[in-house]
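Enquirer: Residues per chain, in single letters:
Protein chains: 2
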Amino acid sequence: MTMRRLSRDEVHGLATRTLQAVGYGPRHVQAIADMLTTCQMDDCQSHGLFRLFMCAETTRTGRVDPQADPALTLDDSAVVRADAGGAISLLAVQAAMPHLVDRAKRFGVAALAVTRCYHFSALWPEVEQLTGHGLSALSMTPSHAWVAPAGGTRGALGTNPISFGWPRNGDPFVFDFATSAFARGEIELYRRENKPLPEGVALDANGQPTTDPEAAMDGAMCTFGSYKGSALSLMVELMAGPLIGDLTSLDSMAYAEGRPEAPYHGQILLAFDPDRLSGGAVADSDARAERLFAEIGGQGARLPSERRYAARARNAARGYVEISETLYQDLLALSS
Amino acid sequence: MTMRRLSRDEVHGLATRTLQAVGYGPRHVQAIADMLTTCQMDDCQSHGLFRLFMCAETTRTGRVDPQADPALTLDDSAVVRADAGGAISLLAVQAAMPHLVDRAKRFGVAALAVTRCYHFSALWPEVEQLTGHGLSALSMTPSHAWVAPAGGTRGALGTNPISFGWPRNGDPFVFDFATSAFARGEIELYRRENKPLPEGVALDANGQPTTDPEAAMDGAMCTFGSYKGSALSLMVELMAGPLIGDLTSLDSMAYAEGRPEAPYHGQILLAFDPDRLSGGAVADSDARAERLFAEIGGQGARLPSERRYAARARNAARGYVEISETLYQDLLALSS
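In the order they appear, the protein sequences are chains W and B. Residues in the first sequence are numbered consecutively from 1, following this note's numbering. Residues in the second sequence are numbered consecutively from 1, following this note's numbering.
Possibly wrong hints are sitting among the right ones.
Said to hold, decoys possible - Think about it this way: if two alpha-carbon atoms lie no more than 25 angstroms apart in a straight line, the pair counts; the simulated DMTMM-like pairs of lysine to aspartate or glutamate are:
{"id": "1", "chain 1": "W", "residue 1": "K105", "chain 2": "B", "residue 2": "D65"}
{"id": "2", "chain 1": "B", "residue 1": "K105", "chain 2": "B", "residue 2": "D65"}
{"id": "3", "chain 1": "B", "residue 1": "K105", "chain 2": "B", "residue 2": "E290"}
{"id": "4", "chain 1": "W", "residue 1": "K105", "chain 2": "W", "residue 2": "E295"}
{"id": "5", "chain 1": "B", "residue 1": "K105", "chain 2": "B", "residue 2": "D76"}
{"id": "6", "chain 1": "B", "residue 1": "K105", "chain 2": "B", "residue 2": "D286"}
{"id": "7", "chain 1": "B", "residue 1": "K105", "chain 2": "B", "residue 2": "D275"}
{"id": "8", "chain 1": "W", "residue 1": "K105", "chain 2": "W", "residue 2": "D218"}
{"id": "9", "chain 1": "W", "residue 1": "K105", "chain 2": "B", "residue 2": "D76"}
{"id": "10", "chain 1": "B", "residue 1": "K195", "chain 2": "B", "residue 2": "E214"}
{"id": "11", "chain 1": "W", "residue 1": "K105", "chain 2": "B", "residue 2": "D102"}
{"id": "12", "chain 1": "B", "residue 1": "K195", "chain 2": "B", "residue 2": "D218"}
{"id": "13", "chain 1": "W", "residue 1": "K105", "chain 2": "B", "residue 2": "D75"}
{"id": "14", "chain 1": "W", "residue 1": "K105", "chain 2": "W", "residue 2": "D75"}
{"id": "15", "chain 1": "B", "residue 1": "K105", "chain 2": "W", "residue 2": "D286"}
{"id": "16", "chain 1": "B", "residue 1": "K195", "chain 2": "B", "residue 2": "D171"}
{"id": "17", "chain 1": "B", "residue 1": "K105", "chain 2": "W", "residue 2": "D102"}
{"id": "18", "chain 1": "W", "residue 1": "K195", "chain 2": "W", "residue 2": "D218"}
{"id": "19", "chain 1": "W", "residue 1": "K195", "chain 2": "W", "residue 2": "D75"}
{"id": "20", "chain 1": "W", "residue 1": "K195", "chain 2": "W", "residue 2": "D76"}
{"id": "21", "chain 1": "B", "residue 1": "K105", "chain 2": "B", "residue 2": "D212"}
{"id": "22", "chain 1": "W", "residue 1": "K105", "chain 2": "W", "residue 2": "D43"}
{"id": "23", "chain 1": "B", "residue 1": "K105", "chain 2": "W", "residue 2": "D76"}
{"id": "24", "chain 1": "B", "residue 1": "K105", "chain 2": "W", "residue 2": "E290"}
Claimed, not checked - Counterexamples of contact, computed for chain W against chain B with all Cβ distances above 10 angstroms:
{"id": "25", "residue": "F50"}
{"id": "26", "residue": "T73"}
{"id": "27", "residue": "E237"}
{"id": "28", "residue": "R259"}
{"id": "29", "residue": "E322"}
{"id": "30", "residue": "L331"}
Read the hints as simulated data drawn from the structure, not as lab findings. Keep in mind it's a predicted model, so treat the numbers as computed, not measured. Here a beta-carbon is modelled for each residue, glycine too, at the ideal position from N, C-alpha and C.
Could you build all of it, start to finish, from the sequences and the hints given here?
Expert: As structure tokens, then:
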């Protein structure tokens with residue numbers, strides 16, 4: 001495969017020009033291009049430049065508002081509400097983030113409810129950003145009802161990612177994973193390569209377990225971790241949906257009416273101030289957390305995100321990332 | 001097996017007399033007896049009267065303080081801190097609960113950090129109690145380092161339960177599960193019955209996968225859901241340990257120095273006000289959540305806790321629970 005090298009500026013520029021060309025307003029262009037660049041520089045291919053196709057598709061269907069300014073509701077509580085007004089989520093999160101940080105430091109714990117947004121992005125960059133303020137953070141979002149509950153027969157839950165972060169000197173502890181057993185894109189890859197799926201990953205259209213990726217695309221995915229994973233996925237639905245006054249994955253899928261746009265729903269971000277919560281014992285707490293990380297590393301086990309941080313360091317040192325020439329040409333075509 | 005019928009009052013009385021006999025102060029007796037009764041009335045055998053043995057053992061080792069009054073730290077933030085002072089956790093939670101509810105309603109989100117407590121109880125009764133105030137709730141606690149991280153070879157994580165609740169008319173949505181693949185008690189049951197464990201549940205003392213329950217007791221348990229479950233377990237360690245200025249499961253195990261007492265560490269409870277978080281759209285939110293529950297039930301899948309609620313209804317209607325005569329006699333012996 002022929003690869004093309006792109007510097008950070010070239011990645012950001014390509015994203016910017018494409019987003020401008022498909023109609024996003026300047027503030028959205030900046031917020032989305034920043035996010036795609038952050039992901040691409042970590043070799044997070046699925047949430048990097050590749051997502052420009054979805055950004056373009058979502059404007060072509062004509063339902064996303066590519067210009068809407070987010071409307072923040074700020075009061076004297078620990079809750080910040082950011083109404084994205086039918087736009088992509090990222091600008092709303094960006095606009096609300098300083099207020100979330102402020103309230104987490106003031107109240108010890110705070111919540112950001114982002115509502116009425118089209119959502120396609122990884123959660124870890126926002127969680128990592130909060131750790132940069134010395135905060136621990138938790139974020140969740142639903143998607144479309146592609147995932148069957150444990151013991152069920154058809155989609156009712158989203159892929160429902162959970163992302164958590166803990167501040168450290170240097171790279172923070174961060175994980176971000178779907179509560180589905182597989183990502184939907186992974187099943188597509190198996191289909192393209194004509195490979196059978198592992199057991200326990202998917203159901204066919206009749207609700208029966210299947211290893212046929214074609215049948216799985218017409219059926220439903222399973223959650224990871226059986227009943228426990230299914231319960232967690234339902235928690236994501238409730239906390240990032242009804243709790244913040246927004247849609248579940250079932251609602252979101254119904255709303256899309258089969259259009260190939262990004263799912264439309266909400267996102268919750270929680271921020272925790274270790275200083276307030278520990279009663280000022282942050283130094284002791286950091287030492288305890290570091291002993292645990294050291295024990296895990298000492299066993300030869302990896303912490304989540306280690307591979308991503310390694311890619312980040314390598315790409316920063318050499319000054320470029322690589323994407324396939326085919327992807328690059330397809331992206332150029334998007335903006336022409 | 002000969003069974004004995006006990007009314008709610010008899011369950012509570014038996015717990016009360018036993019706890020008094022082994023030296024707990026009156027406020028602790030009431031808080032612990034209430035919790036054990038709540039669990040026993042739901043046929044939650046592992047966390048009901050059976051736990052009196054651990055309560056007795058933990059006082060015999062002489063390190064729990066069976067009299068200490070909890071010390072609350074209340075300020076103008078959304079964080080309530082309850083220092084249990086080396087006692088069992090339950091009285092501290094009970095004393096702090098009204099303040100947690102107050103702050104959740106005032107700030108939209110609030111946290112209770114319970115610290116320096118011996119902990120042996122299920123998390124769902126406290127989470128369910130918060131749903132009774134119209135709040136959503138999340139609780140976590142570490143334990144002892146019996147569980148290996150994914151890719152690791154020995155215990156570094158606790159069984160680390162997560163409990164979540166969502167208020168409904170009637171029985172709330174509540175789950176409470178360990179992030180270990182098996183509960184430690186389950187492995188003991190397999191050992192007693194000389195049955196091989198399922199694959200993927202445990203490691204032996206050399207860090208190799210094993211299905212031998214004897215070898216597993218000398219080794220470590222695995223987390224549920226592989227790398228994802230392991231990441232969640234680590235989140236529980238951080239949020240219910242260092243974040244609130246208390247011990248990890250590694251620290252707790254070191255602190256116990258091999259004594260057979262309950263683990264000593266902290267617990268975090270988060271409470272969320274759907275009214276504040278949804279911007280006053282609770283009626284819509286409830287309807288969305290109920291549509292999702294109905295879809296899951298309509299597929300023939302169970303919601304967590306359904307079996308427990310069925311036991312509760314049956315025991316309430318007939319006015320008694322059943323425990324084995326052997327357990328009953330052993331419990332009587334505890335207080336004589």
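Enquirer: All the hints need checking, so say for each whether the structure fits it.
Expert: These are the hints, each one checked on the structure:
Annotation: proposed proximity of K105 of chain W to D65 of chain B is violated, straight-line Cα distance about 34 angstroms (limit 25 angstroms). A distance of roughly 33 angstroms separates the Cα atoms of K105 of chain B and D65 of chain B; the hinted pair therefore is violated under the 25 angstroms criterion. For the suggested pair K105 of chain B and E290 of chain B, the alpha carbons sit about 23 angstroms apart, so the restraint of at most 25 angstroms is met. Simply put, K105 of chain W and E295 of chain W have alpha-carbon atoms about 30 angstroms apart, too far for the 25 angstroms limit, and the pair is violated.
Between K105 of chain B and D76 of chain B the CA atoms are separated by roughly 13 angstroms; this keeps the pair inside 25 angstroms, and the hint holds. Restraint check: the Cα-Cα separation between K105 of chain B and D286 of chain B comes to about 18 angstroms, which is no more than 25 angstroms; the hinted pair holds. Proposed proximity of K105 of chain B and D275 of chain B is supported: the alpha carbons are some 8 angstroms apart, at most 25 angstroms. This hinted pair does not check out: K105 of chain W and D218 of chain W have alpha carbons roughly 47 angstroms apart, beyond 25 angstroms.
Among the hinted pairs, K105 of chain W with D76 of chain B is consistent with the structure: their alpha-carbon atoms are about 12 angstroms apart, no more than 25 angstroms. The suggested pairing of K195 of chain B with E214 of chain B holds, with an alpha-carbon distance near 10 angstroms, which does not exceed 25 angstroms. For a cut-off of 25 angstroms, the pair hint linking K105 of chain W to D102 of chain B stands: about 20 angstroms separates their Cα positions. For the hint pairing K195 of chain B with D218 of chain B, the CA-to-CA distance comes to about 16 angstroms; that is within 25 angstroms, so the pair holds.
Pair hint K105 of chain W plus D75 of chain B holds up; C-alpha atoms about 14 angstroms apart against a cutoff of 25 angstroms. Simply put, K105 of chain W and D75 of chain W have alpha-carbon atoms about 15 angstroms apart, close enough for the 25 angstroms limit, and the pair holds. Under the criterion of a C-alpha separation no larger than 25 angstroms, the hint pairing K105 of chain B with D286 of chain W is inconsistent with the structure, at around 31 angstroms. A hinted pair counts as satisfied when its Cα atoms are at most 25 angstroms apart, and K195 of chain B with D171 of chain B does not qualify at roughly 36 angstroms.
For the hint linking K105 of chain B to D102 of chain W, the alpha-carbon distance of about 20 angstroms falls within 25 angstroms, and the restraint holds. For the hint pairing K195 of chain W with D218 of chain W, the CA-to-CA distance comes to about 16 angstroms; that is within 25 angstroms, so the pair holds. Between K195 of chain W and D75 of chain W the alpha-carbon distance is near 53 angstroms, which puts this suggested pair outside the 25 angstroms criterion. Proximity of K195 of chain W to D76 of chain W is assessed by CA-CA distance (about 55 angstroms); at most 25 angstroms being required, the pair is judged violated.
Proximity of K105 of chain B to D212 of chain B is assessed by CA-CA distance (about 50 angstroms); at most 25 angstroms being required, the pair is judged violated. The straight-line distance between the Cα atoms of K105 of chain W and D43 of chain W is roughly 32 angstroms, outside the 25 angstroms bound, and the hint therefore fails. A hinted pair counts as satisfied when its Cα atoms are at most 25 angstroms apart, and K105 of chain B with D76 of chain W qualifies at roughly 12 angstroms. Restraint check for K105 of chain B and E290 of chain W: not satisfied, since their Cα atoms lie roughly 35 angstroms apart, outside the 25 angstroms limit.
Its beta-carbon lying about 23 angstroms from the closest one in chain B, F50 of chain W satisfies the requirement of being farther than 10 angstroms from that chain. At roughly 7 angstroms from the closest C-beta of chain B, the C-beta of T73 of chain W falls inside 10 angstroms, breaking its exclusion from the interface. Not every C-beta of chain B lies more than 10 angstroms from that of E237 of chain W, the closest at about 6 angstroms, which undercuts listing it as non-interface. Annotated as non-interface, R259 of chain W keeps its C-beta farther than 10 angstroms from every C-beta of chain B; the closest such distance is 21 angstroms.
With a cut of 10 angstroms on Cβ distances, E322 of chain W stays outside the contact zone with chain B, its closest approach being about 26 angstroms. At the 10 angstroms boundary, the C-beta of L331 of chain W stays outside the reach of chain B, the nearest C-beta of that chain being 31 angstroms off.
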